[in-house]
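Participant: Join the two chains into one complex using the hints; note that each chain is given alone, in its own frame.
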Amino acid sequence: MKLPKSSPPGPFRRSFWRSPIRGPWLTSVFGLMLLASIPVLFVTGLLSYAAYNPDLSPVNDQTPGKGLLGFYLFSWPTHPIWLYRLNQGVHVTLGLVLVPVLLFKLWSVLPKLFEWPPLRSPAHALERLSLFALVGGAIFEFATGILNIQTWYKFPGSFYPLHFYGAWVFIAGFVVHVTIKLPAMIRALRSRSFIAELRTNLAGTHTEPPEAGYLVAVTPAEPTISRRGVLAFAGAGSALIALLSIGQSLGGPLRRAALLAPHGQDVASPDDFQVNQTAASAGISESETGPAWRLTLGGYGQAPVVLRRADLLRMQQHTASLPIACVEGWSTDNQVWTGVRLRDLARLAGVTRPSSVLVQSLELGGAFSQVVLSAGQITDPDSLLALRVNGADLTPDHGYPARVIVPASPGVHNTKWVASLTFRS
Amino acid sequence: MFRFLRWYGAGPLHLLTMIACLALAGYATAELLPGNYVAIPVWLAAAAIGHDLILVPLYTLADRSAIAVFKHRRSSPAAVPWINYLRIPAALSGMLLLIWFPLIFRLPTRFPATTTLSLDPYLWHWLAVTGALFLLSAIMFALRLRARRIRPAAPARSARGSAP
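Read top to bottom, the protein sequences are chains A and B.
Per numbering that gives the first Met the number 0, the first sequence starts with residue 0, numbered consecutively.
Per numbering that gives the first Met the number 0, the second sequence starts with residue 0, numbered consecutively.
None of these hints come from the bench; they were simulated from the model.
Incorrect hints may appear among the rest.
[What the hints assert, rightly or not] To give an idea of the chain B side of the interface with chain A (calculated C-beta under 7 Å), a few residues:
| hint | residue |
| --- | --- |
| 1 | M0 |
| 2 | F1 |
| 3 | A9 |
| 4 | M17 |
| 5 | E30 |
| 6 | A47 |
| 7 | D51 |
| 8 | I98 |
| 9 | W99 |
| 10 | F110 |
[Stated by the list, open to error] Derived DEER-like restraints, expressed as beta-carbon distance ranges:
| hint | chain 1 | residue 1 | chain 2 | residue 2 | range |
| --- | --- | --- | --- | --- | --- |
| 11 | B | G93 | A | Q315 | 52 to 60 Å |
| 12 | A | T218 | B | R150 | 45 to 53 Å |
| 13 | A | L181 | B | T59 | 27 to 35 Å |
| 14 | B | R150 | A | T178 | 48 to 56 Å |
| 15 | A | A211 | B | L12 | 19 to 27 Å |
| 16 | A | A238 | B | S117 | 20 to 28 Å |
| 17 | B | A19 | A | D265 | 47 to 55 Å |
| 18 | B | G93 | A | A291 | 52 to 60 Å |
| 19 | A | P209 | B | F1 | 26 to 34 Å |
| 20 | B | I149 | A | A35 | 37 to 45 Å |
| 21 | A | A366 | B | L32 | 18 to 26 Å |
[Stated by the list, open to error] Per the computed footprint, the stretches of chain B lying under chain A, defined by three or more beta-carbons under 8 Å from a beta-carbon of chain A, are:
| hint | stretch |
| --- | --- |
| 22 | 19-26 |
| 23 | 85-94 |
None of these values were measured; they are calculated from a predicted model.
Beta carbons are placed, not taken as given, at the ideal position from N, Cα and C, and that holds for glycine.
This is chain B alone, in the form it adopts within the complex (with noise of 0.2 Å):
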């Protein structure tokens, strides 16, 4: 018995709740996927590294593209850290695209034929409510700048550096 502790790895109640909920899981999964043995296994697939292996990369990327593009500008305001006035309202209106994208792009057609709404405002609601996130960033970073004017801090950071 120890020897085989020592094999596993763990203890012994891991071993049990390990078992027990793979053996639900497994359970569940085999349930679902005679609804479709391909599609259902890709979707799965892609719901356990779709994030991971893409969404992260992808804003990672778009994240340091800003760094690198707006840090060489001369007027870059480098005195505050200027890239959270960029991100924090971009991140926000994408996640509002990553949940919302088929109202937004009018996929659902037959829509305003069941519900008797229109597809049309998405789009503009969406267009709007990122308009007014990168306004109030922008007033709230204009407010940081004057109020780091006003009384200079220590010397701060840069926006060097990875993501968050």
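So that you can see chain A by itself, here it is in the shape it has in the complex (with noise of 0.2 Å):
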């Protein structure tokens, strides 16, 4: 089929586009904020899921048909204790503050959607596919993202994996985009200073030289908006987002300020704190965490050890001072946490070098009861089997009678209500 050379009315004509203020400079500045920002949430992205430790065990694996894509995995450090806490606030709220920039960016591209000719040259082609991976996947990522802190769960499947290779496909687009793009976004920010157009009102404000590209009004409209204005206005929107829900993972009195927040409020009790998941919720019986309740204590070829919770009480005590952090980026400060050492409990099964550690909750069936932890967490001094909380028994909701509490661990994996704790050399 041949296409007329001439284009359809309506969008396809450049004359319909008649923003003033459209142009190569304004889609530069909004495309240098998110190349500087882009690849800090892809990396906090992929260390995300690093700190789960997939590699050590299929039990924590959310993504088991990863393949060569997880090619960077590492065993996830304890050291700083708030490292995942930093890397989830950093990865959602950022997220969020973006959302107005890429807006504006979309929304300073739109007339290139309705090029005409669509399709130029098979290079063009290949071009325009790539912008379906990168608008597609960006655009699916942060909806993904943005549901799934407000446990929303209306996405097609888990949202691990959807995540996940939602990220490599936008940022597959992304790399493209950034390499085919950054010479004309450099030659586009030196044709205007920055400065100068910060100091320019909208009785200033004229279109940008006509350029090759779609992007510049050939009859503009009468502008309503300097671009200093519409860079305050993307900026307002960020400043607004990340005031409304910062104090979710920053904590203390901010909390209160992240008014649109999924965990900005505070807990009824003022010495509680955040919870993830209720003992209710996760169909905890007080009849399996009441006298009853025993913890297992398996060791790779060693008979099993059976302790009560008074055995566990009348063992060395350790205390730590940790954070919850969770993956959809809200945390806690530190909480002070009391208990058994998990390498003291690895001794007490008979494993002195130990590996791993299969961790199982009273919880049935929910897809993190239970989990594996990595040699680094058994053996660190602050990783502990706890049994108390800030000076007082764990209540059923924080994991009574016990859970694990492992430094920059994801919140998922400091396990409630545990069962068991099967050890291996």
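Facilitator: Structure follows, in structure tokens:
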């Protein structure tokens, strides 16, 4: 089929697009912001996956089909203790504050969707295909991430594989786009002085010089906002989103400033702290956690050791101040945990040099009702089977009778309502 | 080779980058799709065009309607670009709604049971923030009008025209 040489009417005509401030410079300013931020978002995302130690055991791997894409995985460290808290806080908060920047960037290049002819050459066709990965991947990632932190699981499948593979689709499109557009971006940024632009009010706002691309309007309308106005607009959006959500990651009195964030509310009691899942919602009954509760310590080739809670309390107790940090970006301040060191329990199970431990919860069937911890996580002196927190017994929602707490580990790996620990040497 | 590149429309480096990155995107998509062969492609396609073909037309229509409705009012103080004092708080409020609509409309019904937190405050928080944004904008507009009256500037533009 032969396409008409002249473009069809409507958005395919350049005269349709009349914004006087669209142009390579404005697009490049938003592009530069994304260029600086997206790599941070991508790397913190990859680290977030590594933090689950998926290579240690299939039990830990939420994305078992990762194949080559898991090339970078490494054993997740236990120090600094705030590592995972910082990583997730940055990943989620940065993702949220980039929403306005992304929307403005997409708005600024909108006419290019309607270029005519739609495909000029095979190279151009491939470029447009890569834009599908870039824009589709970006919105897919933002949408799945934003819905997941609100625990509204309406996306088609488990969050982990969707967000993980989606990230690779997005980053592939991103790398192509940066490679192709970087010279044009640098040229455009040099074409106008940023400082001078910040001093230009509406009366002084004119279109950028005509260019070969599709951004500058050929029949511009009168401007209604200056370029600095648009930058302030986007900046105000980002600042507002940050102000209304960052408190859920920083904690303390700032938490209440996070008016629009899932964990921006204080919990009912002032001495208490946030939970990801209550005992009731995990199906934990009082009969299981009462006097009948036993901890089973297994060791490879050893007879299991069965302990009551009182036995654990008679062992040497250790105290560690550690935060709880969720993949969803919220976290708590450091809480004072008291309990038995995991390495002491390994020795009791007859395993002097543990290579891993399988932690199983009383919870049945949840995605995180069992987890495997690494040698480094077992031997860290602050890794505990906690019995008490902040000077009192654990509450049911915090994992009574006993829970794991490991420094710098994702919240869901700090298993609650522990039923058994099976060490391997 | 030269003929091929002329047919292709760009240099060999362009082609290599394209092949490498599209292979990566293809590999990741192939891993992604088995999760749900219908819903995942729909989500990806909606993600690719949803912004450009749904969100932008909607907000452009809203913006132009606001301009069309208010510009005919005799009292409209066209001496200042008033539209920004309306579109910016509205857009910021809309952006917050776009991000947080599940919490605002209390859609994640299991949230209170799993977290002990309430879904009730979000709608009120969003309305309060929206109110504050419009109030702040109104104050800034009033200050701008006052400054204009004290120190009249060169004849300013009206708010006519397209989206920003």
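Participant: Take the hints in turn and mark each one as holding or not.
Facilitator: Quick rundown of the hints versus the structure:
1. M0: Constraint on M0 of chain B not satisfied, violated at 15 Å.
2. F1: Violated: closest Cβ of chain A sits about 15 Å from F1 of chain B, beyond 7 Å.
3. A9: Holds. Min distance 4 Å.
4. M17: Since chain A brings a Cβ to about 4 Å from M17 of chain B, closer than 7 Å, the hint holds.
5. E30: Hint holds; E30 of chain B Cβ to chain A Cβ min 5 Å, cut 7 Å.
6. A47: 3 Å, holds
7. D51: 5 Å, holds
8. I98: Status holds, d = 6 Å.
9. W99: 5 Å, holds
10. F110: At about 5 Å, which falls below the 7 Å cut-off, the nearest Cβ of chain A leaves the hint on F110 of chain B intact, so it holds.
11. B:G93 <-> A:Q315: 52 to 60 Å: 57 Å, holds
12. A:T218 <-> B:R150: 45 to 53 Å: 34 Å, violated
13. A:L181 <-> B:T59: 27 to 35 Å: This hint holds: roughly 30 Å between Cβ atoms.
14. B:R150 <-> A:T178: 48 to 56 Å: 50 Å, holds
15. A:A211 <-> B:L12: 19 to 27 Å: 20 Å, holds
16. A:A238 <-> B:S117: 20 to 28 Å: The hint (20 to 28 Å, Cβ to Cβ) holds, given that A238 of chain A and S117 of chain B are roughly 27 Å apart.
17. B:A19 <-> A:D265: 47 to 55 Å: This hint holds: roughly 49 Å between Cβ atoms.
18. B:G93 <-> A:A291: 52 to 60 Å: 54 Å, holds
19. A:P209 <-> B:F1: 26 to 34 Å: This hint holds: roughly 32 Å between Cβ atoms.
20. B:I149 <-> A:A35: 37 to 45 Å: Once the Cβ atoms are compared, 41 Å apart, the range 37 to 45 Å for A35 of chain A and I149 of chain B holds.
21. A:A366 <-> B:L32: 18 to 26 Å: 21 Å, holds
22. 19-26: Since 5 is at least three, the answer is holds.
23. 85-94: holds (count 4)
In this structure, the earlier hints numbered 1, 2 and 12 are contradicted, and the remaining ones agree with it.
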